[in-house]
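Residue numbers (this note's numbering), protein chains in the order written: chain A, 1 to 120; chain B, 1001 to 1287.
If you are wondering where the hints come from, they were derived from the structure by calculation, not from laboratory data.
Since the structure is predicted, the reported quantities are computational estimates derived from the model, not experimental observations.
Ideal placement from N, C-alpha and C gives every residue a C-beta, glycine not left out.
Mixed in with the good hints, there may be bad ones.
Said to hold, decoys possible - Calculated pairs, EDC-like style, for lysine to aspartate or glutamate (alpha carbon to alpha carbon, straight line, at most 20 Å):
| # | chain 1 | residue 1 | chain 2 | residue 2 |
| --- | --- | --- | --- | --- |
| 1 | B | 1169 | B | 1114 |
| 2 | A | 3 | A | 117 |
| 3 | B | 1214 | B | 1225 |
| 4 | A | 55 | B | 1067 |
| 5 | A | 3 | B | 1067 |
| 6 | B | 1169 | B | 1263 |
To be verified - Computed footprint of chain B on chain A; a stretch qualifies when at least three of its residues, placed anywhere within it, have a C-beta under 8 Å from a C-beta of chain B:
| # | region |
| --- | --- |
| 7 | 58 to 68 |
| 8 | 99 to 108 |
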Amino acid sequence: MSKYLLDKFLYTIDRDPELVERYRADPRRTVEWWESDRACLILNCPDAERSSWLKFTDSEREALATHDYVTLFELGAHNFLVLTLFIALFERDYEEPLAFQREFAAKLSHWSLPYPDIST
Amino acid sequence: MAKIAAVIASTHHPFYYRASTSTGADRPPFADEWVTKIEAFRETLTRANPDVLVMVGSDHFHQLWLDNYPQFLVGKAPFYDANYYNEEREFGLPRMVLQGDEEFSAYLLRQGLDQGFDLAFSNELRVDHSITCPLITLRPQADLPIVPVYTNIFAPPLPQPWRFVELGKSIRRMVEAWPSDKRVAIIGTGHLSLELGGPRQFGPHGPDPEFDRKAVSWIASSDIDAALAEVSLDSLWLPGNATHGFMDFMLMMGVAGENVKADYTDSLDLFHTMEAYFTWYPTEASS
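Chain B extracted, bound-state conformation (with noise of 0.2 Å):
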């Protein structure tokens, strides 16, 4: 069967790639600590040595629209195209190819599909910074096979906080019977508190400081029945209007298993929102 090599939750920052690459004048001045973030959390994916990634993230209105939305989406498809042009003219995103495992995007279809998921599926899909944010932060070679999963977090009526959390645990438990002998990295990317287009926006910090604090407090013990005990879709307005991308890091405490706490924990507070960074390694037990 695969083994489960690393599960990875983060925010995914579309500004990283650009603060990271710049010089001079235009370094801004928290890029050499946001690097070396950066740098020692990758470490903790190279570590485990996959050999093929399952990226969670949502797609920002960019292929996926209101005439045909779905809650929930695989890709199989063999390649996939990376980035957008209004992700290149806002944050200088580069256009990427990966490469897919239709393979096991069709495993974990079926499998999904068998286990009550009913997921869309897409056979050409080109996916956003959603997916490369993390694919530039964590494996900037971008080399390895993925299998993009989509969630919906962005065009309301979403699915609920808890259908998110089973999800995660789904795929976990998918990918560990996968008669496969590879290695699999789990990753996913959502948001702390966050606001996009209302008047919290970028300010010097997160729009709502105590939220990111519990979050970070959630996600590294993977207190899955606390985070559900406080969010529901009505509270996720509260610490911002676009927080509802924290439900991606649910998926992830549900990938995680419940109560397991992370192995590495780091996050930065930036001005506009708080990143974060977690990283759990199975033990041979759990995996």
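Chain A extracted, bound-state conformation (with noise of 0.2 Å):
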């Protein structure tokens, strides 16, 4: 299990307009090829001098591959991080202003506290 890595993703995409696009049009193979190429990045390390080791587990990335944010709530992904990336690509697509935002907490109605603990 990798929260780290998940935070990682959802952070380092929602930092960047064209990967947010990239990853609202094409899930999979957007996750397929961060995994691959971005995953070992140290974000203020020179790329020559990545990590070796950071990779999802298959659950984590399904979850990434579907847009699948209660799952990633399930897995202790940070809850700051998923929302505000899910706001990103999918707000656009409903008429009244927070129906999205509504519909994602709808979705994690059947949760009580605690919640999946988030610590990294």
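Hey, can you piece these two chains together into the complex? The hints should help.
This is the structure:
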């Protein structure tokens, strides 16, 4: 399990307008590319000085590849990162203000405290 | 010595800028009341006539990342660019450039380290809406130099609530001992009950109005003992999964001083979260 890597994916996609669009349009291939190409980049190091060991579990990869924010919540991805990126991905598809955010909440309504641990 | 001109604690609602500047059909029904409250709150800072602002906030996973995460950080730079693409995208926030005060930053870092806070520092910090929202509400001309202070309310493991209070007390002591003739306003923003990315998000009110009622009472009277007796890192999950931002209010209670009543208190019940605004004017005796 790599909550850190899930968060790193969400963080690095969310801060890049082109990657947001790419992840919206083609999530599975974006996740595959990112895992093979970007997952081991250390953000403040030169490209050559990368890590060697970071990879998703199958369930993490599948949740990202299917835009499954309920499973991401359950896997302990950071709530703020999930929400921010998924608003960028899908809020535009809803006419009413905050309709996507409310649907997001409703899909998690089977959850009560304690929520999954987001510690990394 | 420097003089504390005002201590201000506030929520930072990233939707205020868009709500207050929108017109016609885009203007939400609550905007006018919100603007009226903000303008009255702004006057409490204007009246204090500050020369420099210490701004306490928290990076929302913009520049600070989990490969190297500071618990408490002080900016030391001549300028701070501000706001990020995802804040433009989601909230319509403008890009800003803020002036720094490196001498004051260096002083706070040195004194903080010497008084037991191993403060991280940044010589190139792009601040986010936790710093710019209170500027937009309280000082929209953004014409005063700032010293940003960032706290970790986001990425567990977090410091304990009492550490936030102690840092607030230290900041006050350090500012009061700063050999300068400047008038310093210390402004910090946090959250009341708040849920983000969970089942209780974006409801008609904050997720826990009872917590909000108690929290406003604790802050307005700076009742640090009562807050510390009820608040823990574990308990803060209960009112909402982003409520650890309340610890920035606890820091500001430390700045304001134990049991010192706020001179100005206001709040506004909005969808999603409650807004709350507090100002203390230190008396001659206490400053």
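Against the structure, the hints:
no.	hint	in the structure
1	B:1169 <-> B:1114	holds (14 Å)
2	A:3 <-> A:117	holds (10 Å)
3	B:1214 <-> B:1225	holds (13 Å)
4	A:55 <-> B:1067	holds (16 Å)
5	A:3 <-> B:1067	holds (13 Å)
6	B:1169 <-> B:1263	holds (19 Å)
7	58 to 68	violated (count 0)
8	99 to 108	holds (count 6)
Checked against the numbered hints given earlier, this structure breaks only hint 7.
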